[in-house]
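Trainee: So the chains spell out like this:
Number of protein chains: 2
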Amino acid sequence: MFARAFTGETGINSLMDELGQAINGGDIKYMFGGGNPAEIPEVDDLIHQIASNLVLDKASFSSMIRNYDTPKGNAEFIDLLVQYFRSKHDWPIDQDNIVISNGSQQAIFTVLNLLAGNGEDSSRKILLPVLPDYIGYMDQLLEPDMIVGINGKKVIASEHSYYYRPDFEAIEARLTEGDIAAMLVSRPANPTGNVLSDRDMDKLLELADQYQTYLILDNAYGMPWPNAIFVEASLGYHPRIIYSFSLSKIGLPMARTGIVIAAPEIISQITQVNAILALSPGNLGQKIFSRIIEEGKLSELVAAAKDYYQAKSELALSVLDKHLDSNLPWKLHQHQGSFFFWLWLDQSKVDSSEFYHILYQNSILSVDGRHFFTPEHHDDPESRQFIRLNFGRPDQEVIEGFELLAKLINTKAY
Amino acid sequence: MFARAFTGETGINSLMDELGQAINGGDIKYMFGGGNPAEIPEVDDLIHQIASNLVLDKASFSSMIRNYDTPKGNAEFIDLLVQYFRSKHDWPIDQDNIVISNGSQQAIFTVLNLLAGNGEDSSRKILLPVLPDYIGYMDQLLEPDMIVGINGKKVIASEHSYYYRPDFEAIEARLTEGDIAAMLVSRPANPTGNVLSDRDMDKLLELADQYQTYLILDNAYGMPWPNAIFVEASLGYHPRIIYSFSLSKIGLPMARTGIVIAAPEIISQITQVNAILALSPGNLGQKIFSRIIEEGKLSELVAAAKDYYQAKSELALSVLDKHLDSNLPWKLHQHQGSFFFWLWLDQSKVDSSEFYHILYQNSILSVDGRHFFTPEHHDDPESRQFIRLNFGRPDQEVIEGFELLAKLINTKAY
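Quick note, the sequences are listed as chains D and E, same order. Residue numbering for the first sequence follows my numbering, beginning at -3 and increasing consecutively. Residue numbering for the second sequence follows my numbering, beginning at -3 and increasing consecutively.
Hints were generated in silico from the structure; no laboratory data involved. A quick note: this is a predicted structure, and the numbers were derived from the prediction, not measured. Mixed in with the good hints, there may be bad ones.
No distinction is drawn between identical chains; accordingly, a pair holds when it is met within one copy or between any pair of copies.
In the BS3-like style, the derived pairs of lysine-lysine whose C-alpha atoms are separated by at most 30 Å in a straight line are [as the list claims (entries may be wrong)]:
id: 1; residue 1: LYS302; residue 2: LYS54
id: 2; residue 1: LYS54; residue 2: LYS318
id: 3; residue 1: LYS318; residue 2: LYS408
id: 4; residue 1: LYS54; residue 2: LYS293
id: 5; residue 1: LYS199; residue 2: LYS408
id: 6; residue 1: LYS403; residue 2: LYS25
id: 7; residue 1: LYS25; residue 2: LYS54
id: 8; residue 1: LYS25; residue 2: LYS408
id: 9; residue 1: LYS54; residue 2: LYS308
id: 10; residue 1: LYS84; residue 2: LYS318
id: 11; residue 1: LYS318; residue 2: LYS308
Produce the complete structure using the sequences and hints provided.
Mentor: Next comes the structure, spelled out in C-alpha cells:
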C-alpha cells in the first residue's frame, strides 16, 4: 500500500532531511530552509524552567512517563484546553471536540485520509483553495490524485510587493464538480506568509457550507499561539471547521504534539486512528504546555515569540531593501505572518530549482517553491518562480545571509 | 480511505481507552488489563536521575526540544545503537540499517503497509504464524483481508500447563499459496508469554527464505531490553528479519519511541513514511535512552526489570496455585516471558467475553482473548476461551486480585 503511495522521493523528506542535518551540525552557514522555530531566549528560558519543575517533581514525572494515556490524549490536558478555549476565546466546545496527536503533521495525515479516498462509485478529494500551500500536505494522501489545488490570485501592492487572495470563482467552479470532501488551508500560509482576511475566511466558509465540505484550518503558525500574524485577523469557532494546532512553532517541535478541535464525529474517528497508528500520543508536550497555561505564562510566551519574529522580519527586510537592485522585477510577498519570506523571481532567467542550487552552493539553505504546489501544477511555469526563506535566525546570520542572497538575486537570477 | 479501514470499534482502541482511564484514576481495583509497564522503584529512580540531568543541562535541553531531527531520527542516537549492537551483540549493522519511530506501534503499522496490499494483479498479505498474537496488529492493515494467521499447536506440559509451538505444516501450506509478503511474530509473545525457541526461530527463517518473505520480529518485551524472557533464547542478526524494538516496556511508554533494524532498502522506505506521517520522531526517549547506554546503566535497568517481573509472576502463580480448584480443567500457558498470564478456560461453561465481563463487574480489568486472533478466526470456538492478565502490579493488588480471580474461575467459569 505505502510502497505505491509513499516511497518515491518526496519534498517533505528532502526538506526535513536537509533541515535536520543542517541544524544538527551540517556545514551550511545560512540556514533559511525548513520551519525550525527560532532560538528565542525568553522562550527557551520559560520552557526550560517549566520542564525543570516538571522533572524535579519525581512522583509526577515517573507517573507521566510510565503510564499510558488513552488514544485521545491526556485527559487533564484536554480538560484544560476546553477551559482555555471556552474562557479565553468563547468557543462552545467540550471534551468530545478535542483529540491530541503526535504532531500536527500526523493529525492532518489522519484527517485527510479519513475524509478523502475512492469509494465504491465516487472519489472524494482534498482541495487546497489558495496555492501555494504547505509542502507537507502534498504527499499525505494514501490514494493517488486525491489532492488538488487552485492558484491564489496575485494582488500587486507595489513595485516589489504583492499578496495572494483566494480566486473564489475558480474555487467555486471546482466545488461544483461535487467531489471535494474538504478544503485545507494554512493561516498564516506556510510558505507565503499570507494571512487570509476574516472576510475571505467567511467567504470560504460559506462555500464550504454551500457545497457541504469541511474546511480544515492549519493554525501551526497562527492563532492562538505562536500568533506569528502581523495584520488584523480573528479566529472564531464554527462546527464545519476542523482546526489543527501545533506546539512546534512555540518552541516544542521535538515534543511532537498536535491538537485537533472539531465536531465530535471527526474527533472520535481520529481517536480510533490514533489507537491503531500510535496507541496514544506522547505526553511530554502536553505536560509542558499544561503548566504554561496553568501558570498563566502563555501570553508572555506568545508575546516573546511574536516580537522576535516581527523584529527579525524587519531586520531581514531592511537588509534586502539595501542590497537588492530595485530596477529588477523581483517581488516579495507582503509579510502578513509566519517565519517565512516568499520570494517571487518574476521574469528571472533561471527557474526556482536552479536558483535553489545556486543558493545552496553559496551556503544558503532555502526551499524550492515548486514543492508548495499540488502535483497537477508541477509543469506550470508559475510553480517554478518561488523560493521560501526562513528568517528566524541569529542577527549576524540574517545580516550576512540576506545580503548574500540579495547579491545572488541581482547577479544570478537576472 | 481510513473511514473504511479504521473507524469501526477496534480491540486496540477499547484496550488503550480502558487502560488509560484505569491507570489515570478510574475506579477499577485490579488493573490486570493493558500492557502498561510496572512501577519498579529501581527503574523509576534511574530514569528520573537521567531525565533530571538531561533537563538541567539547559543548553543541551533547549537544543534538544527546539531543533528538528531528520525523519530517520536523532543521528547521535543511531550512531550509539550501531555501536551498541556491534559491540554487545556482534551484529554487522550500520547507520543505514536503523530508523526510529514514534513508538513501535507506528513502526509496525508502517512496515505492514509497506509490504502488504493489493497490487495490479496480485495481493500481498501478512501472516501471523503462531496465533494468538498481539491485538495491536489486527487492525493495522489499510486494505481489507490483508492479515491472516495460523493457530499455534498446543503442547500440554502438565494437567494445568501448556505452551504453543508453530504448526509448521500449516504454515508451510499457507506459504505455498504465494501471497505472503511477511510473517510477523512477537517474542516473547504478547499475549501468551510464549517464547519461540531458537530452533523454531531458525525453522521459521528457513521457511521465510524458501518462500521469499520477510520475517518481522517484535521484541517489545524481549531482547535486548526489557528481556522479560525466562527460558533459554538468543537473538542473532539476519538480513531477512525486520527487527522492531520499543522503549515502552523498559519504563518509557509515553516517550513513544520505537527502533527498527532491517536491511537498508526497508529502512529507507520507513524513513520516507516517517517524513510524511510525522516529520521526524520525537526525541525525548532517544535522549534518555542514549544516556542510559552511555552511562553503562542498561544492564542494571534490564536486571531490575527482569527480576521484578520474575518475582511478580512467581507471586501471582503461588496465589493461583493456592486458590484455583485443581479438579477443574483450566490451564495456564507456561510463563516463558512477557508481563502476562494467558489463561485457557478449557471446557468452561462461559466464553471469554462473558468471563471478561464477570471479572470487570468484580473490579478486575483483563483482556478478552478473542482480540488476539486474526479476523478469519473470530467465529472459531477456539478463539473464545482465553483471558490475558498483566501481573505486573503492586504485591497487595496481585495477592487480593489473583485470589479473587481464582475464586471467580472456580465458581463462575465452571
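Trainee: Each hint: holds or not?
Mentor: Each hint, compared with the structure:
1. For a Cα distance limit of 30 Å, the shortest separation of LYS302 from LYS54 across copies, 23 Å, qualifies, whereas the shortest one inside one copy, 34 Å, does not.
2. For the identical chains of this complex, LYS54 and LYS318 are neighbours neither inside a copy (54 Å) nor across copies (38 Å), given an alpha-carbon limit of 30 Å.
3. In this assembly of identical chains, LYS318 and LYS408 lie within 30 Å of each other by CA distance solely inside one copy; the values are 18 Å within and 85 Å between copies.
4. Proximity of LYS54 to LYS293 under the C-alpha cut-off of 30 Å is found in both arrangements, the shortest distances being 23 Å within a copy and 19 Å between copies.
5. For a Cα distance limit of 30 Å, the shortest separation of LYS199 from LYS408 qualifies neither inside one copy, at 41 Å, nor across copies, at 63 Å.
6. In this homomeric assembly, LYS403 and LYS25 come within 30 Å of each other (Cα to Cα) only inside a single copy, at 16 Å, whereas the closest approach across copies is 70 Å.
7. Within a single copy, LYS25 and LYS54 get their C-alpha atoms only as close as 41 Å, which misses the 30 Å cut-off; across copies the closest is 24 Å, which meets it.
8. For a Cα distance limit of 30 Å, the shortest separation of LYS25 from LYS408 inside one copy, 19 Å, qualifies, whereas the shortest one across copies, 72 Å, does not.
9. Taking the shortest Cα distances, LYS54 and LYS308 sit within 30 Å of each other only across copies (24 Å), while inside one copy they are farther apart (39 Å).
10. Within a single copy, LYS84 and LYS318 get their C-alpha atoms no closer than 42 Å, and across copies no closer than 59 Å, so neither meets the 30 Å cut-off.
11. Proximity of LYS318 and LYS308 under a CA criterion of 30 Å is satisfied intra-copy only: 15 Å inside one chain copy versus 72 Å between copies.
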